[in-house]
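Those protein sequences? They're chains A and B, same order as listed.
Start counting the first sequence at 1; every next residue gets the next number (the working numbering).
Start counting the second sequence at 1; every next residue gets the next number (the working numbering).
Some hints could be false.
What the hints assert, rightly or not - With a Cα cut of at most 30 angstroms, we get these calculated DSS-like pairs of lysine-lysine:
{"no.": "1", "chain 1": "A", "residue 1": "Lys10", "chain 2": "B", "residue 2": "Lys350"}
{"no.": "2", "chain 1": "A", "residue 1": "Lys54", "chain 2": "B", "residue 2": "Lys153"}
{"no.": "3", "chain 1": "A", "residue 1": "Lys26", "chain 2": "B", "residue 2": "Lys209"}
{"no.": "4", "chain 1": "B", "residue 1": "Lys78", "chain 2": "B", "residue 2": "Lys152"}
{"no.": "5", "chain 1": "B", "residue 1": "Lys342", "chain 2": "B", "residue 2": "Lys205"}
{"no.": "6", "chain 1": "A", "residue 1": "Lys10", "chain 2": "B", "residue 2": "Lys153"}
{"no.": "7", "chain 1": "A", "residue 1": "Lys10", "chain 2": "B", "residue 2": "Lys152"}
Unchecked claim - A few chain B residues that face chain A, going by a derived Cβ cut-off under 8 angstroms, partial list only:
{"no.": "8", "residue": "Met28"}
{"no.": "9", "residue": "Gln41"}
{"no.": "10", "residue": "Ile42"}
{"no.": "11", "residue": "Lys51"}
{"no.": "12", "residue": "Asp54"}
{"no.": "13", "residue": "Gly132"}
{"no.": "14", "residue": "Gly138"}
{"no.": "15", "residue": "Lys141"}
{"no.": "16", "residue": "Leu171"}
{"no.": "17", "residue": "Glu178"}
{"no.": "18", "residue": "Ala179"}
{"no.": "19", "residue": "Cys389"}
Since the hints were made in silico from the structure, they are not lab data.
Please read these numbers as outputs of a predicted model, since none were measured by experiment.
Beta carbons are placed, not taken as given, at the ideal position from N, Cα and C, and that holds for glycine.
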Amino acid sequence: MGLEDKRVHKGVEKGAPFEITVDGKKIIAYQGETVGAALMAAGQRTLRYTDKKKRPRGLYCGIGLCQECRMVINGVANTQACQTLATPGCRVETQKSEKKRGIEN
Amino acid sequence: MKEAELAIIGGGPGGIVAAIEAAKAGVMVTLLDENPRPGGQIYRQFEKGFKVTDPEVLGGDYEKGLDLLNQFSSLGDKIKYMNNATVWGIFDNNTLAFARNGFSSSLSYGKLLVANGAYDRPVPFPGWTLPGVLTAGGAQKLVKTERILPGKKILIAGTGPLQLVLAHQILAAGGKIEAILEAGNLNKNWFQGLRGIWGNWDYLKEGWKYLRSIQKSGVPLLHNHIILEARGDGQVEEAVFAKVDENWRPKPGTERTVKVDTICSGYGLVPSTELTMLAECEHKYDNLLGGYIPVRNENMETTVPGIYAVGDGAGVAGSKVAIEQGRIAGTAIACSLERISKAFADKSIKHARKRLNRYNRLRKVLDQISMPRAGLYELARDDTVICRCEEITLKEIKTAMADSTTQVKDLKRKTRVGMGPCEGRMCGPALIEILRNHSNTSPEGHGYLNPRPPIKPIALGVLAAGQQKLEI
Chain A
1 MGLEDKRVHK GVEKGAPFEI TVDGKKIIAY QGETVGAALM AAGQRTLRYT DKKKRPRGLY
61 CGIGLCQECR MVINGVANTQ ACQTLATPGC RVETQKSEKK RGIEN
Chain B
1 MKEAELAIIG GGPGGIVAAI EAAKAGVMVT LLDENPRPGG QIYRQFEKGF KVTDPEVLGG
61 DYEKGLDLLN QFSSLGDKIK YMNNATVWGI FDNNTLAFAR NGFSSSLSYG KLLVANGAYD
121 RPVPFPGWTL PGVLTAGGAQ KLVKTERILP GKKILIAGTG PLQLVLAHQI LAAGGKIEAI
181 LEAGNLNKNW FQGLRGIWGN WDYLKEGWKY LRSIQKSGVP LLHNHIILEA RGDGQVEEAV
241 FAKVDENWRP KPGTERTVKV DTICSGYGLV PSTELTMLAE CEHKYDNLLG GYIPVRNENM
301 ETTVPGIYAV GDGAGVAGSK VAIEQGRIAG TAIACSLERI SKAFADKSIK HARKRLNRYN
361 RLRKVLDQIS MPRAGLYELA RDDTVICRCE EITLKEIKTA MADSTTQVKD LKRKTRVGMG
421 PCEGRMCGPA LIEILRNHSN TSPEGHGYLN PRPPIKPIAL GVLAAGQQKL EI
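With the hints as extra help, turn the sequences into a complete structure.
Shown next, in the form of structure tokens:
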């Protein structure tokens, strides 16, 4: 899946593109996009694994309620990807287990 | 002296219009909005960095919204707008608590208006926790305000007009939809509902526009069809759906499979009632309006004097209804604070009440089509997760029910359902229906998950950071 495939350019011009790091790999995000949306555009669906059964979870409610999109963003675990704006150079990690809880940096 | 003469929670259409009406009459308003900018979900504005080059793609709601938002900001001397403010508790002595920019603060108020909105009804079915299954509202936010399609091959599955709006927006953005499943039947009920529809021409015009765009695209809109299962290895790869009877129970032998990477689940909305429940307002169950809703008088005042509720959070009925309710509540509050006379208030909300009646007639027709039927909450299998946070399956819930558990709060105690970070928002509506199906009783007899402060996860550090001096 190409990086730009799911972005809609019709009618709305986005701000400047920049790179963010997701699990060590670089992806493109645009100013004004949330981390969750940039990952969606890049085709990464899994944002965390559950604590008990280690099952993958992705964006579900998309409006900050369901807590399924909790990731480790700039070292802070349990950060909602759907509510956090991407910023140049921000570091995002798939949240793997309880060990990742709490503030790490 | 209270810090806010009128505190309003929620910056969607209902909250904004109530603020405008009260402020115009001279009431000093503080509006706490969880979002960075006013507008709520429906008039959600773009983030900084996005520039609109063709207003046509934004739809009519956006322009209507801009008009209201302009009025709202022109009353800046009377309305204190606080963005990024998450209200997490309501306490005795007319005090509420909210988190904002890393601090927690309290605010005392004279009158309180809750306009907290609604969220997509979560419906558990096998595979609903797979990445790639998202709510119609979540998908709509992605397409409308982030300008990103949720997938490359999309199935829309649910009921009611909101999913037609989503389909229209995805198509207009150049996305590919495999099919739209409507559990009810939009065609069949039109004629019976003619009395309700009469006079609601703008609603109809809008509905017609969406139906036309779907028809022109060639995407099949299948009435009386429901999604049974999402399948895939680590993410959605295919969906199984079937024809249903009038109770939304699948007809054997009608199952079909479709290859998709995304499923948008849109079974209408449920009201966000955590705050009115915390404030101990009386609630009643209303199937047509989305579930438990606060009991209110004709001025939108709840059973707790001085606390008002408007919009979808007090019964799902859409933005037009929220606007009229906001007008009524804002005016009634100004009247109770003796800024305007009773005669003046009555006169100025006479038309709002008339419009409200007209909208409600249409809502009833649409709600009859989309009201969840028994079959909807029978889709989950024993191994289907019902509580997404705590990973509690239907089997664990059944075990608890076999032990004569009839109350939602007892299910919570026995199984940990509703104890995770979503605080029961995702499993709560399903638990009521599962208990109701199990015991064949009315939903009201099973109670609900009592919200506890903080009603949203707030980092301990934020609570510990203590009071930030309010500049009011």
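Here is what the structure says about each hint:
Of the supplied pair hints, the one linking A:Lys10 and B:Lys350 is violated, its CA atoms being roughly 42 angstroms apart against a limit of 30 angstroms. For a cut-off of 30 angstroms, the pair hint linking A:Lys54 to B:Lys153 stands: about 27 angstroms separates their Cα positions. Our distance criterion of 30 angstroms between C-alpha atoms is broken by A:Lys26 and B:Lys209, whose separation comes to about 41 angstroms. Our distance criterion of 30 angstroms between C-alpha atoms is broken by B:Lys78 and B:Lys152, whose separation comes to about 47 angstroms.
Between the alpha carbons of B:Lys342 and B:Lys205 the distance comes to roughly 37 angstroms, so the proposed pair goes past 30 angstroms and is violated. In summary, the hint linking A:Lys10 to B:Lys153 is supported, as the alpha carbons are separated by about 19 angstroms, within the 30 angstroms threshold. The suggested pairing of A:Lys10 with B:Lys152 holds, with an alpha-carbon distance near 17 angstroms, which does not exceed 30 angstroms. Taking 8 angstroms as the C-beta cut-off, the interface hint given for B:Met28 is violated, the closest approach to chain A being about 29 angstroms.
With a least beta-carbon distance of about 7 angstroms to chain A, the hint placing B:Gln41 at the interface is held under the 8 angstroms criterion. Because the smallest distance between the Cβ of B:Ile42 and any Cβ of chain A comes to about 12 angstroms, over 8 angstroms, the interface hint for this residue is violated. At a threshold of 8 angstroms, the smallest CB-CB gap from B:Lys51 to chain A is about 4 angstroms, leaving the interface hint in force. Interface hint at B:Asp54: satisfied, since its Cβ lies 4 angstroms from the closest Cβ of chain A, which is below the 8 angstroms cut-off.
For B:Gly132, the suggested interface contact is upheld, since its CB lies about 5 angstroms from the closest CB of chain A, less than 8 angstroms. Interface restraint check: B:Gly138 against chain A, minimum CB-CB distance 2 angstroms, threshold 8 angstroms, status holds. Checking B:Lys141 against chain A: minimum C-beta separation of about 5 angstroms stays under 8 angstroms; hint holds. Annotation: B:Leu171 was flagged as interfacial toward chain A, and the flag is violated, the nearest CB pair being 11 angstroms apart, outside 8 angstroms.
Hint status for B:Glu178: violated, given a least beta-carbon distance of 16 angstroms to chain A, over 8 angstroms. Checking B:Ala179 against chain A: minimum C-beta separation of about 20 angstroms lies over 8 angstroms; hint violated. Given hint, B:Cys389 at the interface with chain A, holds; its Cβ is 7 angstroms from that chain's nearest Cβ, closer than 8 angstroms.
In this structure, the earlier hints numbered 1, 3, 4, 5, 8, 10, 16, 17, 18 are contradicted, and the remaining ones agree with it.
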